Amino acid sequence: MYKGLKIRLAQGEPAIKDLQKASLPELFRGMPQIDGQKFTDGGKKCLEACPTGAILPDPLRIDLGKCTFCSLCTKANPEGAISFTSEYHMSSSTREGLITDGSVKMIRPEMASEKIRKYFGRSLKLRQVSTGGCNGCELELNALGNVNFDLGRYGIEFAASPRHADGIVVTGPVSKAMSKALYETYEAVPNPKIIILFGVCAISGGVFQDSEEIDRSFLKDFRADLYIPGCPPHPLTFISGIMDWLDRK
Amino acid sequence: MKRLTVQNQRPFELSLVPELTAAEFEAEGRQILSEGSRMMGLFEVEKTSGGKKVLAVFGNNETSQIYIVKCVFPKEGERFRSFAYEFPNTNYFECELAENSGILPEGHPWLRPVRKQNTILGNIPYQFYRVEGDEVHEVAVGPVHAGVIEPGHFRFQCHGETVYHLEISLGYQHRGIEKLLLKADDNKRALLVESIAGDTVIGHSMAYSLAMEALSKTGVSLRASVIRSIAEELERVAMHLSGLSGVANDVGFAIGAAAYGRLRTLVINSLLLISGSRFGRGLVRPGGVMYDLTEGAVKKITENLLIVQKDIAEINDFMFSSTSVMTRLEATGKVHYKWASEVGMVGPAARASGVKTDVRQDFPYGAYRYHATQTVTLDSGDVFARARIRSLEIEESLGFILERFVDIPQGEIFSEVKALRENTGVISLSEGWRGEIMHAILTGPDGKISSYKVKDPSFNNWYGLALSVRGEGISNFPLCNKSFDLSYSGHDL
Ligand code: SF4
Ligand code: SF4
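Line order of the protein sequences matches chains X and S.
Mapping to my numbering: the first sequence position 235 is 235, numbers consecutive.
Here my numbering = 1-based position in the second sequence + 1000.
Isolated chain S, as found in the complex:
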């Protein structure tokens, strides 16, 4: 075998990862991908006088296994035959590697910048993809958008009102998180992780904390695990409510927008009762959680959630049976199953297109190993499905939290984290509300972190948004965008 097989959050000795030549990597990579695995990461881990070493991580949802290979590129041979034509899910990862390390994926169908507009391809300025023709026109939007929203640039190639192609150009939120993570001490690193995407504080802290616990062989109490998953589901409910409010707002359904917004306040205030922050900041840390769940808080949160449960059923019923809303949502922004699975979409957006993917079941971690959740999928892949799936997931998460409240295990909430083991690596996946989060951490011979790679689910899904507007009227873009609800900061790092 030319690969190392591991599981989610299982530490592995770095010496066990096979080192391949570019030719071997091309063959083994194709083999892994053709077995139905998806790329999860492709990044440089070491620079030596002999060349650059790159780690490639693949995951298989069916078998719950993660495959890792290392490829060594000598100085004169920083190139490999691109996988992207045959396996489009690798496309963006290869662009990222080229941008960060200058390693060229030969034959790549569309090599383009990921975060830095001018560094790829030996500083040849990048030209946006263009559609030519007499009546074709280009629409450029951003980086500053109308509204309180993060910056990004969108380039539409249109014919009349119809969008032929959309190119999404990001990087405006790039603040060098991965580099800062390497320099930071434990205290600061945890804060940085919470600021990868401020709407996914718990999701990212989970992936980070579980990775650190794996690397140091620190056990976490059942109580802490359960509190963490309660917080994770609260975050999911809150952000799904916020997304539904946004969709309702975009179709002019004001009462829905107001009502979902009001319920979201109840949920984030519940998170405040656990952690002192409406976004759960400061709660999840390697070793457990920093605040215990008091009986008073459980009582108050239960009250809040029962209100949410009751009200949301009514609002959902009203919204999803309203003809004026449904005509806007149905058949708008379709991404069918084939596209969604080929480009490697994750999270609710993928599930709305019928792709069954959810880290909580496919690569279970923390409390989800004992308490399963149900994966919900829909198949129409339109704005309706992406909105509806979120309302279904809210119900599922509320049920999960209320069930956990019935008997929370007793015990300590925090265990001291031991020293990290040397020359060890770990791939840590969690299911943030947008989908699969990956943190890959490697340690050096001194037991210090030598490499840190983060992947936010938005990295997988931005391309899905571009596909969803093909053939759509350009005026439907805001609605499609809202239905994906992706992160700029999580992508830009």
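Excised from the complex, chain X in its bound form:
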């Protein structure tokens, strides 16, 4: 008993108080910035270096839905034309919203429809489906439940059964073997329901986009409601994205 109390006291107050205003270390690779003036080659080297085709030419933009935040583009352009800030507000409610010309400081999703907010604003239960990723995304989703992020305090929780869920969170590029299970899990969720894509694999296939072993037809058939970029996304990118989308403070 005494030992237990001592351990409890040693924990202190581990929860991050304001998840919208937390700051991450400088080295963290979040929202990229582009300074076109600094390119000596118009960005050619960056374009070539990017392993996932996340950099788009004329004018130069970065697609966060394809970016793995590997920072090879910054190394290819030592002049500092592309740099990464530690800004974690990067979720978007549209796919196009993830494409940045590098001048915006942060991305915030548009508010969900009134109906969605009415239904899910105060309590949101999600069913996660892994579809051929590397488990990195799952680790960060699990971290959301720990004492530091404590997602449960906002009424957002992961449900065991799709029948108890209001939507699904997809991770991974959708392997062929998981395609059917993904459809079935989604169908098992009662209406109205939402789809959240968590991580670059789910959004675009990421490093696996050219694989013959993936089948993304589910994502062609259904439109996602929220896109959370990163490889894996930081838990704060997820929380802040959902809170903004549902207009929660």
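Careful: at least some of the hints might be erroneous.
Said to hold, decoys possible - No more than 25 Å apart at the CA atoms, straight line, and that leaves these computed lysine-lysine pairs for DSS-like:
1) Lys1047(S) to Lys45(X)
2) Lys1052(S) to Lys1183(S)
3) Lys1183(S) to Lys45(X)
4) Lys1183(S) to Lys44(X)
5) Lys1418(S) to Lys45(X)
6) Lys1418(S) to Lys1183(S)
7) Lys75(X) to Lys1217(S)
8) Lys17(X) to Lys125(X)
9) Lys1188(S) to Lys75(X)
10) Lys75(X) to Lys44(X)
11) Lys1300(S) to Lys17(X)
12) Lys1310(S) to Lys3(X)
13) Lys1183(S) to Lys1448(S)
14) Lys1053(S) to Lys1448(S)
15) Lys75(X) to Lys1183(S)
16) Lys1116(S) to Lys176(X)
17) Lys44(X) to Lys1418(S)
18) Lys75(X) to Lys1356(S)
19) Lys6(X) to Lys1310(S)
20) Lys180(X) to Lys1116(S)
21) Lys105(X) to Lys44(X)
22) Lys176(X) to Lys1179(S)
23) Lys1179(S) to Lys1418(S)
24) Lys45(X) to Lys118(X)
25) Lys1448(S) to Lys1338(S)
26) Lys1075(S) to Lys44(X)
27) Lys1448(S) to Lys45(X)
28) Lys1448(S) to Lys176(X)
29) Lys249(X) to Lys118(X)
30) Lys1300(S) to Lys21(X)
31) Lys1053(S) to Lys176(X)
32) Lys1217(S) to Lys180(X)
Stated by the list, open to error - Residues of chain X placed beyond 12 Å of chain S at every Cβ, according to the derived structure:
33) Asp58
34) Leu60
35) Lys105
36) Met106
37) Glu110
38) Lys115
39) Tyr119
40) Ser123
Simulated from the structure, these hints should not be mistaken for laboratory data.
The model shown is predicted, which means the values in this text are computed figures rather than measured ones.
Backbone N, C-alpha and C fix where the C-beta goes; we use that ideal spot for every residue, glycine too.
Could you slot chain S with the ligands onto chain X? The hints should help.
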């Protein structure tokens, strides 16, 4: 000698690997295995008009040697006499070869799919192993499980509550990594390697980078080697904490689950201070590391680790002396020494069953060649041992990191990687937190990678999990599963 003997990360000319006929391979393979070596890989490396060429890799923990043979199977003779009856550790490798290349291990006791349910055995649909009897019933779970966890399918044959047999059927995470690795350029390949198992980013990047350095004869500075091993141990500590948190959670020991979880955050945030990623992504690359360790980071990480060191001692003491916890952990999910060593288990799960195996000592690499770690083993082979061993390894790793911090060698952190040598091969082993990782890379006459094989420790250990639940109540499965903490993505590739 009908085999080539090499050491970990020593490149070898492909022409030196003896080419054997199936009959010679059967004899030499048996000889190697009976000397106490274990299979580490069995995969096709070349397809010619004359047939298929298969590389077999064996390792001997005692002698630190790796043995390689090549077997040539002509078109009409794609078969060999299976080793699996006499040497169960080869069982799953033979299944994998049959699935990927159609080469049949004759007399194999249980030929079954590894990743693709319908491609083995000339497309005869695979039937799960079944126990027959009046009161026998079958329980099927997955692929989608309750919780934020990767997909897999479990088939239990039960009598009442008691599990007689569990078959684990995987492949849902298969995304064709090995094929992608062959097509990728250097930049992309490194990212793919980091995404083999997202919880073992450093472990896999180590095996990959050391292999590329060996193939190109690139030297890595001492400083980079030490930073790498610090990152590797941080990864081990973080994932062991996460595993302990899971075990505590599964037995309803909430304060332990919360406390281990909180400490894990400190550790992954330490990795973030080194690499900009909580999982060490982007840090280890062929040639060295991409980020230097600053004094500020060393100071902050030391602070974090001292907190972890102090707190974990208290939590361990509390958890492992609590009767209610111990009654759940002790004697649950036992895998005794004989089974663990026969089926070729690796890593902490094997060490918990008394098998002394650890790549850091048996096949030392990188900074572990100068700075030894201690192998800890326990012998009860139950959930308790698999949990306890992880807490002991955390202490060991923390000590290792703090010792390295005292004097980190000066120097550059990155050296340019030279061109890969032609017609060369390398077997690269590292000790990920789950155990032995193997990357085998071969180059062709143009100096490009012609063959890439990956083995995650989970490949060795999934069968151990199936054994651990024999005779257990089915309700103990989640706890046994958590105590093994295996990777689906690393297995499925
Ligand atoms: S950080 Fe993103 S944009 Fe830059 S090279 Fe990597 S994937 Fe491409
Ligand atoms: S997005 Fe990155 S971390 Fe997530 S599953 Fe894909 S590779 Fe893994």
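Tell me the hint numbers this structure goes against, listed in increasing order. 1, 18, 24, 25, 26, 28, 31, 32
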